[in-house]
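Residue numbers (the working numbering), protein chains in the order written: chain A, 1 to 569; chain B, 1 to 312; chain C, 1 to 249.
Among these hints, one or two may not hold up.
What the hints assert, rightly or not - Distance condition first, Cα-Cα at most 27 Å in a straight line; then the derived DSS-like pairs of lysine-lysine:
hint, chain 1, residue 1, chain 2, residue 2
1, C, K72, B, K161
2, C, K151, B, K233
3, B, K140, C, K152
4, B, K214, A, K458
5, A, K563, C, K197
6, A, K482, C, K62
7, C, K151, B, K235
8, A, K543, B, K40
9, B, K161, A, K354
10, A, K527, B, K140
11, C, K41, B, K161
12, C, K151, A, K482
13, C, K152, B, K161
14, A, K42, C, K242
15, A, K128, A, K151
16, A, K482, B, K120
17, B, K214, C, K198
18, C, K202, B, K216
19, A, K482, C, K202
As the list claims (entries may be wrong) - Calculated Cβ distances over 10 Å to all of chain B for the following chain A residues:
hint, residue
20, D8
21, K55
22, F150
23, K152
24, P190
25, T198
26, A222
27, E293
28, K458
29, D472
30, L477
31, K504
32, G516
33, A532
34, H555
35, F556
If you're looking for bench data, these hints aren't it; they were derived computationally from the structure. Ideal placement from N, C-alpha and C gives every residue a C-beta, glycine not left out.
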Amino acid sequence: MKQDKPLDLNAIQKKGLGMLAPTRARITVGMATCGLAEGAGKIFEALKYEIKKQKAKADLVVVGCNGLCYAEPIVEVICPGKPRITYGRVSVERVPDLVASVAKGGVVKDLALMRMDRLTAEGGASIKYAGTKVPKDAAALKECGKLDFFKKQMKLISKNAGTVSPEQVEEYCALGGYQALLKAVTSMSPDEVIREVTVSKLRGRGGAGFPAGFKLQACRQAAGDAKYIVANGSEGDPEIGMHRSFLESDPHAVIEGMAIAGYAVGASEGYIYLNDRYQVAHERLTRAIEGAEALGLIGSNIAGSGFSFSLRVKRGGGAYVCGEETALLNALEGSFGEPRPRPPYPAESGLFNKPTVVNNLETMATFPAIIAGGGKRYAGIGTPGSTGTKIVALSGHVARSCWVEVPLGMEIGEIIKTFGGGVANGKKIKGFQAGGPSGGILPAKLLKIKLDYDRLAKEGSLLGSGGLVVMDEDTDLLEMAKFFTDFFADESCGKCSICREGTKRLQQIITDVMEGQGTSEHIALVKRLASALSDTGACALGKTAAVPFISVLNHFPQVIEGKLLRKKA
Amino acid sequence: MVSLKINGRKIKAAEGTTILQAARANDIEIPTLCSNDALKPYGACRLCVVEIGKNGRVTVDTSCTYPVSEGLEVHTNTPRIREARKMILELHLARCPNVQIVQELAAEYGVTESAQQMGKDNEYCILCGLCVRACNDVVKAGAIQFAGRGLGKIVDSPFSKTADDCIACGSCAFICPTGIIKKNDLFSTALCTPDGCDQTGPQREILNWKVEHKLKSCKKCGNPYAPEPHLEKVKREKNLPNEFFDICPSCRQYPVVDPDKCLGCGGCMENCPCGALELEDKGGYDKKAQLYPQNCTACHSCELICPMQAIS
Amino acid sequence: MSKSTRMKPGAKKSSQKKASSPATAQAPQAAAPGSWAGSSKAMFELMIKEVPESLQDVFRVKLMDILGQKAKGGAYQEAQVVEIVNEIVPEPFKSNILKGFATMGGVDISLVEGIVASYPGGQESVPAILHALKAKFGHVPEEALRVVSQKKNVFMSTLYRLVTSFTAFPTDSPRKYTVSVCDGTGCHLKGSASMLKKLEEKAASPDADINLEKVRCLGCCDLSPAVLVNGEVYSGDDAHAKISEMLGE
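Could you put together the complete structure from these sequences and hints?
This is the structure we're talking about:
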C-alpha cells in the first residue's frame, strides 16, 4: 500500500489538468446510461476508427452525462487554444465531420449546441479553453455559461459530470477533488467536520430529509468496536435514474464524501449498496475505488493522518423496499429485504448491529462541498429550512428530459419551464409528481410552490429523491394513481399485514372506481385505509401506499367523483 | 429500571423490555396475533400498535418491538388506535374470513365482516410468521421460511418440495394460531398394492411441508413417542447414547434424591448436563439437591456421581 | 439430456386411514406405480447409454426389474437409480454415470463450488454469490443453492426465500430471448402499458421462447416507450418489428 509514499495532491492535480486540457485535441463521448441507450457506444467506436483513419491528433475519452439527456449522444471536441465545443444528437454518419474539425479547426455548425470558453472549478484550477480571441465559427455559438439551462443551475456537487473521465481520478483531483478529504483528515478534528455539516443544515437527500449532521453526531457518540458508512444507491423509484447518471459520471464525489463521513464518526469501512441493474455504474465505481486506492487517496493511513478508510460496492437484489435504510442493512447482511423495527436506529445499531451512518448517494457527495466551502456558506444557499442545492431529474411529458442541480427554493414551475422546456408538444400541464410515487400527484396550480422539504410535505407530497414528472392535459390521472398503487403492491415486502393486505385492497378499490363500479363507500374505505396505513405501516412504503389515490382524490376530486355510482336514496 | 406511563398509570419496567411486556406485566391488555413469549418480536400483524409520547411528540408504533425508556407516555386504547386496529382486523378478515381467532379478535372490536368493497379470499394462513420463527430461531432446524414477497408471500418449504431439514418436531403446528398446519400422528400405515400390503410402523406427517417421518416407539410401553429425526437432533446436540432413546419420557425413571443421605455438595448439580438439579433450602442444616423433572433427560449422570449414593 | 432445473415435488408413497381435514392443505400426491419422480427417467436413460449398444436392450429389462423391486410399487426415485449405479454398475462406467448425474440439468457442481469458494465470509457473502451464479448459468439453479447451503452453513429455506423475494435471482432456466419493457413513470406516461400488452400477446404464443419482463427506467426517455430486446434499446413500434423479425414472422 501507499502509506509510506507521501501524498502529493499537487502533482496529481497537475497531471489531471494536463489530461483535461491537453496539448493534443481531446474528444469526449457522453457514455452514461442515457447516452449509451441512444447509441453512444457505436459513436465511440466510430470515432476511434475515424481518428485512426484521419490520423487525427486527438485523445478519445469516455465521460459521463452533463444533464442534457434529451440531446444524447453528446460529443465534445476540445482543441488546444480553442473553446470547448459541445455537439448533440450525433449520428455515426457525422463522425468523420467531427474528427475532421480537429484538423480543420472549424465547427460542425448544424450539430453544435454550445461552446465553453472557461471552466472554473472551486478549489481547483480554472481551465481556459479559449484564448482572448474566440474563432469566428465558435463565436457564433452561445457560450455555455450564458445559456439559461446552465446559468440558472448551481452545480455544486455535479460540476464534474460530463467533463471528467469517471475512471481517471487525476481529472477529479484537477478540479478540486479530494482536497476536502485531505483538509478534513489533516487539519480538522472529527467534531469539527460534524460541526460544519450541522451548520450547513444539510438534510438527507434520499427522501426522509433527516438532518445529516445529527445523524453523524449520533453515530459518533454511539458505542461500538466497529462503525460503518453505508451509501444508499438502490434508487428504486420508477422514474428516471439520475443517481445512476451521477455515479456513472463522477463516482469519486461519492467516494470522497463517504471517506469524510467515515472520518467524522470513526468508521474505517464503507459499503455502497447499488441497484442491481446498474452495471455500468458498478464497473465505474469499482474502478474509481481502485484508482483512488492506488494513489493513496483512500485506503490505509490516508496522507499519514492515521485515518484509514476502505469501501466496497455490493449489488442489491432488485427490491424497492431495500431503499429503506433498515431493509437495506438487512440485505447487506445477506438477509431478507424487510425493514427492522426502530428504535434502535442505525446510527446506534445498524450493519451487523454496529453504529452505522446510512445516507443517500447524493448526501454523501455533498460532504466534500461542505468541507471545502464551509457549512455556513452552504446554509446560505436555498431556503432556511431546506438549505443547499438538489439534483432534480425531469421526465414525463416534458419537452426536454434532463437532470440539473438547482438551489432549493426554486419554483417548481420555473424548473420545469427553464430546464425542461415546459410541456412537450405544446400541450398544457395537468399535474406533476415530486419525489416519486410516495409524493402523489399535485395539480398545476401548485407549480408555483418552491422546491422545499417542508413546503412539499405541507401539500401531502415530498421532496424525496428529487424527481419531477410532468403530466399533460391528456393524462388519465386515475390510471396513474393505479400505476403507482400497483408499484407499491408489487414492491411490498409483505411483512406487515397493513401494507401487504392494504395495497391489495387498494388495487381492487381503484379498479372498481376505474370501471365505474365505485361508490361513496369505496371512497370512505380508502380514507380509513390511508389512515391505518399511515399510522401502522412498518416503513415509508407502507405508510405512503395510499398517497397516490388520496392525492388524486384531494387535488382532482372531479376525476373520481365523476366516475362514482350514485346510490339511489 | 425505567419509569414510564401507560394509560396514565405510572409503571416501572426493566431496561431492555418492550412496551408490550411492560403492559402485560401490569395487567394492561393489548391484542396481538404474531407475538409469543418464546420468540423475539417480529411486528407482522401490527395489532399491538399504541400511541407513544416522547419529548412532546406522539408517534404510533408496535408495542411488541418498542423498547421502554424513561419518561415515555403510552396510550393503548385511544380512538385513533382502535380505528387502526379495526382496519387491520378487517383486512385480516377479508383475507381469512373463516379463521376462528381472527373472527374472535375482530368481534372484540365490533367487526363482524370485512367491507364488501374490499373483496374476499379464503386463506387460513395469517402470515404471522410464528411457525417460521419457531423453526428457525428456537428449534434451529430451518426447514421452512417465508417465500416470495408482498401479495404472493407464503410460508413454504424450499422449492415447495419435501422439507428436507424438517425434524417433524411439530413446533410449527403447535404454535400456529389458525390451525392450518396439519400434523397427524398415525399409529400405523399400510400401502396396499395388488402384490400385497406393506406395513409401516407409526408415522408423523406434516402435510404442509410434505413431510413424513417414522415415530420411535418406546421399548417399554410400546407407544410411539417422538419422530426419529427429532431424536437424532437431540442425540447429536446433547451427545447421548442411542439406548437413551429406547425408553419414552413417560416410562423413563427420573432420579429421586434421598434428603437424608444428601450432603448438599452440589456435585450432581454441576454434572447435570440439563440444569435439572438445584441446591435449595429444605429447612434443615444444609441445602439439599432438588430435581426439576421438566429439564431432566434421565441420563443418570447425577446418580453416578453422587458420593453418598443419595440418588436412585 | 433433459434440462430440468425445476423438479416437481418428490411424490411420496402413502395411503392411510384418518379423519379428513376441513381446511384446504396441500396433501402429498399418492404416487402412481411406474411413474418417474424428478429426473429419475433421464438418469436411468443416461445409465443405459453407458452400456455397449448391443447389450442395451438386455440391460434395460434387467435394470428396470431391479428398479421396480426397489420402488416397491411406488414411483421410481432418483435415489434408487443412484443406488443401482453404486451397487451394480462396474467401473469405469460407474464414475462416468455418476459424473453425468452431477452435471445433469446443465449444472456443473464443480463450477458452483469454484464460485462459492471465491466469496469468503458467511451469510453476507451470499447475495454476491447468487449474482455470480446467475451470471454463470443464466439463472440460479436449485442444485447450486444446495452447494451454497452446505458450504456457507445457511439453511436451504433461507436461500429459497432470498431467491424468491428478490427479482434479481430467477430460478427458472433462461429463455432464448429477453425483452424488457420499460415501465418507469416516464415511459408509462408515454404508453408503455399498451406496448406491454401487445408484446404479451406475442410472447404468449407457444413457440415464442421469450422472457418478457417489466423493468424500471432504461434511461432513454427520448425513446419512450423504450424496450430492450436482447441488449439493444428500441422505441415502441420499432421494438415490435424487431421482435417479429426475431420470431421469424
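Outcome of the hint check:
1. With a CA separation close to 22 Å, the supplied pair K72 of chain C and K161 of chain B stays within the 27 Å bound.
2. For the given pair, K151 of chain C sits about 20 Å from K233 of chain B by alpha-carbon distance, which is consistent with the 27 Å threshold.
3. Restraint check for K140 of chain B and K152 of chain C: the C-alpha separation of about 16 Å stays at or below 27 Å, so the hint holds.
4. A C-alpha spacing of about 64 Å is found between K214 of chain B and K458 of chain A, which places the hinted pair above 27 Å, so the restraint is violated.
5. Restraint check for K563 of chain A and K197 of chain C: the C-alpha separation of about 25 Å stays at or below 27 Å, so the hint holds.
6. Taken as a hint, the K482 of chain A and K62 of chain C pair is broken in the structure, with Cα atoms around 63 Å apart against an allowance of 27 Å.
7. In summary, the hint linking K151 of chain C to K235 of chain B is supported, as the alpha carbons are separated by about 24 Å, within the 27 Å threshold.
8. Proposed proximity of K543 of chain A and K40 of chain B is supported: the alpha carbons are some 24 Å apart, at most 27 Å.
9. The suggested pairing of K161 of chain B with K354 of chain A is violated, with an alpha-carbon distance near 37 Å, which exceeds 27 Å.
10. The hinted pair formed by K527 of chain A and K140 of chain B fails the criterion: a straight-line CA distance of about 43 Å is larger than 27 Å.
11. Note on K41 of chain C and K161 of chain B: the hinted pairing holds, with a Cα-Cα distance of about 19 Å set against a maximum of 27 Å.
12. Simply put, K151 of chain C and K482 of chain A have alpha-carbon atoms about 44 Å apart, too far for the 27 Å limit, and the pair is violated.
13. Taking the CA atoms of K152 of chain C and K161 of chain B, the gap is about 22 Å. The hint holds against a cut of 27 Å.
14. At most 27 Å may separate the alpha-carbon atoms for a hinted pair to count; K42 of chain A and K242 of chain C meet this at roughly 19 Å.
15. Taking the CA atoms of K128 of chain A and K151 of chain A, the gap is about 18 Å. The hint holds against a cut of 27 Å.
16. Taken as a hint, the K482 of chain A and K120 of chain B pair is honoured in the structure, with Cα atoms around 20 Å apart against an allowance of 27 Å.
17. Restraint check for K214 of chain B and K198 of chain C: the C-alpha separation of about 54 Å exceeds 27 Å, so the hint is violated.
18. Our distance criterion of 27 Å between C-alpha atoms is broken by K202 of chain C and K216 of chain B, whose separation comes to about 57 Å.
19. At roughly 25 Å between alpha-carbon atoms, K482 of chain A and K202 of chain C fall within 27 Å of each other, so this suggested pair holds.
20. The Cβ of D8 of chain A lies farther than 10 Å from every Cβ of chain B, with a closest approach of about 50 Å, so its non-interface assignment holds.
21. With a closest Cβ-Cβ approach of about 58 Å to chain B, K55 of chain A is found to remain outside the 10 Å limit, as its non-interface label requires.
22. Every C-beta of chain B lies more than 10 Å from that of F150 of chain A, the closest at about 43 Å, which supports listing it as non-interface.
23. For K152 of chain A, the condition that its CB be more than 10 Å from all CB atoms of chain B holds, with the nearest at approximately 38 Å.
24. Distance check for P190 of chain A against chain B: the nearest CB is about 27 Å away, which clears 10 Å, and the non-interface claim stands.
25. For T198 of chain A, the condition that its CB be more than 10 Å from all CB atoms of chain B holds, with the nearest at approximately 19 Å.
26. Every beta carbon of chain B lies more than 10 Å from that of A222 of chain A, the smallest distance being close to 15 Å; the non-interface claim holds.
27. Taking the minimum C-beta to C-beta distance to chain B, about 37 Å, the non-interface status of E293 of chain A holds against the 10 Å cut.
28. For K458 of chain A, the requirement that its beta carbon stay farther than 10 Å from each beta carbon of chain B is met, with the minimum near 18 Å.
29. The Cβ of D472 of chain A sits about 31 Å from the closest Cβ of chain B, beyond the 10 Å cut-off, so the non-interface label holds.
30. Taking the minimum C-beta to C-beta distance to chain B, about 21 Å, the non-interface status of L477 of chain A holds against the 10 Å cut.
31. Its closest Cβ contact with chain B, about 5 Å, brings K504 of chain A to no more than 10 Å, contrary to its assignment away from the interface.
32. For G516 of chain A, the shortest C-beta to C-beta distance to chain B comes to about 14 Å, beyond the 10 Å cut-off, and the non-interface label holds.
33. A Cβ of chain B approaches the Cβ of A532 of chain A within 10 Å, the least distance being about 4 Å, so the stated non-interface status is violated.
34. The beta carbon of H555 of chain A sits about 23 Å from the closest Cβ of chain B, which is more than 10 Å, so the claim that it is off the interface holds.
35. The Cβ of F556 of chain A sits about 21 Å from the closest Cβ of chain B, beyond the 10 Å cut-off, so the non-interface label holds.
Checked against the numbered hints listed earlier, the structure breaks hints 4, 6, 9, 10, 12, 17, 18, 31 and 33; every other hint is satisfied.
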